[in-house]
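Undergrad: Protein chains in written order, with my numbering: chain D, 1 to 115; chain V, 116 to 345.
A portion of the hints provided could be inaccurate.
With the C-beta cut set under 7 Å, the calculated list includes, among others, these residues of chain D facing chain V [what the hints assert, rightly or not]:
#1 LEU6
#2 GLY9
#3 GLN13
#4 GLY38
#5 GLN86
#6 PRO96
#7 LEU106
#8 ILE108
Now the in silico label distances, taken between C-beta atoms and shown as ranges [to be verified]:
#9 V:CYS291 / D:CYS76: 37 to 43 Å
#10 D:PHE56 / V:GLY199: 48 to 54 Å
#11 V:LYS130 / D:GLY84: 49 to 55 Å
#12 V:GLU123 / D:PRO41: 36 to 42 Å
#13 D:GLN53 / V:ARG120: 20 to 26 Å
#14 D:ARG19 / V:VAL173: 21 to 27 Å
#15 V:HIS208 / D:ALA50: 14 to 20 Å
#16 D:GLU58 / V:ASP189: 37 to 43 Å
#17 V:ALA297 / D:GLY42: 26 to 32 Å
If you are wondering where the hints come from, they were derived from the structure by calculation, not from laboratory data. Built from N, CA and C at the ideal position, the CB exists for glycine as well.
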Amino acid sequence: MHELSLAQGIVEQATAAAREANAERVVAVQLKVGRLAGVEPGALRFCYDAATQGTFLEGSRLEIVDVPLVVWCAHCLTTVELPGVQSFRCPTCATPCGEIRQGRELEIASLEIAP
Amino acid sequence: MSQTRIVEVRAGILKKNDELARALRARFEEAGVYVVNLVSSPGTGKTQFLERTLTELVARGVRTAALVGDLETDHDARRLARSGAPARQINTHGRCHLEAEMIGDFLGEWELSALDFLFIENVGNLVCPASYDLGEALRVALLSVTEGEDKPLKYPTMFNSADVAVITKMDLAEACDFDRAAAHAAIHDVRPGMTILEVSSKRGSGMDDWMTLLHDRRAAWHRRARDGSA
Chain D
1 MHELSLAQGI VEQATAAARE ANAERVVAVQ LKVGRLAGVE PGALRFCYDA ATQGTFLEGS
61 RLEIVDVPLV VWCAHCLTTV ELPGVQSFRC PTCATPCGEI RQGRELEIAS LEIAP
Chain V
116 MSQTRIVEVR AGILKKNDEL ARALRARFEE AGVYVVNLVS SPGTGKTQFL ERTLTELVAR
176 GVRTAALVGD LETDHDARRL ARSGAPARQI NTHGRCHLEA EMIGDFLGEW ELSALDFLFI
236 ENVGNLVCPA SYDLGEALRV ALLSVTEGED KPLKYPTMFN SADVAVITKM DLAEACDFDR
296 AAAHAAIHDV RPGMTILEVS SKRGSGMDDW MTLLHDRRAA WHRRARDGSA
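Just chain D, same shape as in the assembly (with noise of 0.2 Å):
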C-alpha cells in the first residue's frame, strides 16, 4: 500500500501552496484521480486522516474526482471514453487503442481555504 506516501505528498504540496495563498487553513483538498493512477480512493482517505494529524491540513477534507481513462483512436480519428481499465479498444470500431489521453492524472487539482 502506497497510499501513505502518496497522503504525505499530498500534505507536502498542499501546505506550501496554502501558505503561499496566505491561508488560515485549509477546508479541503480537490484531488484528480484518474481510473489508471493506481490509487485506491479509501486506503487513500484513510491514510489521508493519519497522515494530516498535526499538520496544517488537519480536520480538512479530501474530495476525490475521479478522471476518466480516455484514450485516442487512430481509426475513428477521435479521442474515447473507455468504459473500464481492462480492455484498450475503442468501443465504437474495436479496434486497439493505446495511445492515453487521460486516465493516469494523480494531482491536487485545487485547495479550499479560510478565509
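Since the structure of chain D is already known, use the hints to place chain V on it.
TA: Chain V in isolation, oriented as in the chain D frame:
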C-alpha cells in the same frame, strides 16, 4: 461561519519522486547506462530471471550491475552476486515499492559510465511500483505461468505502464495447463501491441530473444540520445 475561497494548485502528488527520477534519467543518459526496472508479483521468479540475465551478460563481456529491492534480508543481492556482476540490496523496511530517492542513495560510488546495463529488481508487488518512476529506460513486467492467464486484467495499471512483458517458468507451462493465447490476449487487452517474451530461467529457453531485445533497445536508446543532442 467564515467565507472560504478556492485556489487552483495543479501539482502532481508524486512531484518529488518525478523530479528525482528525471534527474536520475539525465544522469543515466549522460553515463550511457541503460536502466531496466523489473516488476512483478512475489514469486514470479524475478530474481532467478535476473540472475540468469546477469550471468549471460557477464559471459558476453557486457558490463552490468543490479540493485535489488526487498522489504528485508540481503538474500537476493547475495544470490545475484554469484553471477559475477556487482549487486546491491535495498531494504525498504516495510515499504512496498522502490522510489527514485532510494535508487539515488544506493548507487553509491558505482562508476555509472563503466556500466552498459543497470537492472533494478523492484519489490514483488503488482500495484504500487507502477506509480513510481525510477528513471529507468525500460520497464519490464513479469508474469509466471503459475499465476493465471488473467493476471494482467487484474492489475491493468502495472501492465499498462510496462514496455515489455516476460512470461516466466515456461518449463512448467504444460503442468499448469497454461493457456498461451489467453495470456497474450490479456496482456494485449491492457497494453495493445506490447512485446511479449516467453522464458524459462531454469532451462534457459527464450534467453537469446531477451538478450537480443536488451541489445536492440539499448542501441535504439543510444541512437535517440545521439540524435536528440545533435
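Undergrad: All the hints need checking, so say for each whether the structure fits it.
TA: Right, here's what the structure says about each hint:
1. LEU6: 5 Å, holds
2. GLY9: 4 Å, holds
3. GLN13: 5 Å, holds
4. GLY38: 4 Å, holds
5. GLN86: With Cβ-Cβ at 5 Å, under 7 Å, it holds.
6. PRO96: 3 Å, holds
7. LEU106: 5 Å, holds
8. ILE108: 5 Å, holds
9. V:CYS291 / D:CYS76: 37 to 43 Å: 39 Å, holds
10. D:PHE56 / V:GLY199: 48 to 54 Å: Roughly 52 Å apart at Cβ, these two residues keep to the hinted range, so it holds.
11. V:LYS130 / D:GLY84: 49 to 55 Å: 29 Å, violated
12. V:GLU123 / D:PRO41: 36 to 42 Å: Given range 36 to 42 Å: violated, Cβ gap about 22 Å.
13. D:GLN53 / V:ARG120: 20 to 26 Å: Since the Cβ atoms of GLN53 (chain D) and ARG120 (chain V) sit about 25 Å apart, the hinted range of 20 to 26 Å holds.
14. D:ARG19 / V:VAL173: 21 to 27 Å: 52 Å, violated
15. V:HIS208 / D:ALA50: 14 to 20 Å: 18 Å, holds
16. D:GLU58 / V:ASP189: 37 to 43 Å: Since GLU58 (chain D) and ASP189 (chain V) have Cβ atoms about 39 Å apart, the given range 37 to 43 Å holds.
17. V:ALA297 / D:GLY42: 26 to 32 Å: About 31 Å separates the Cβ atoms of ALA297 (chain V) and GLY42 (chain D), which means 26 to 32 Å holds.
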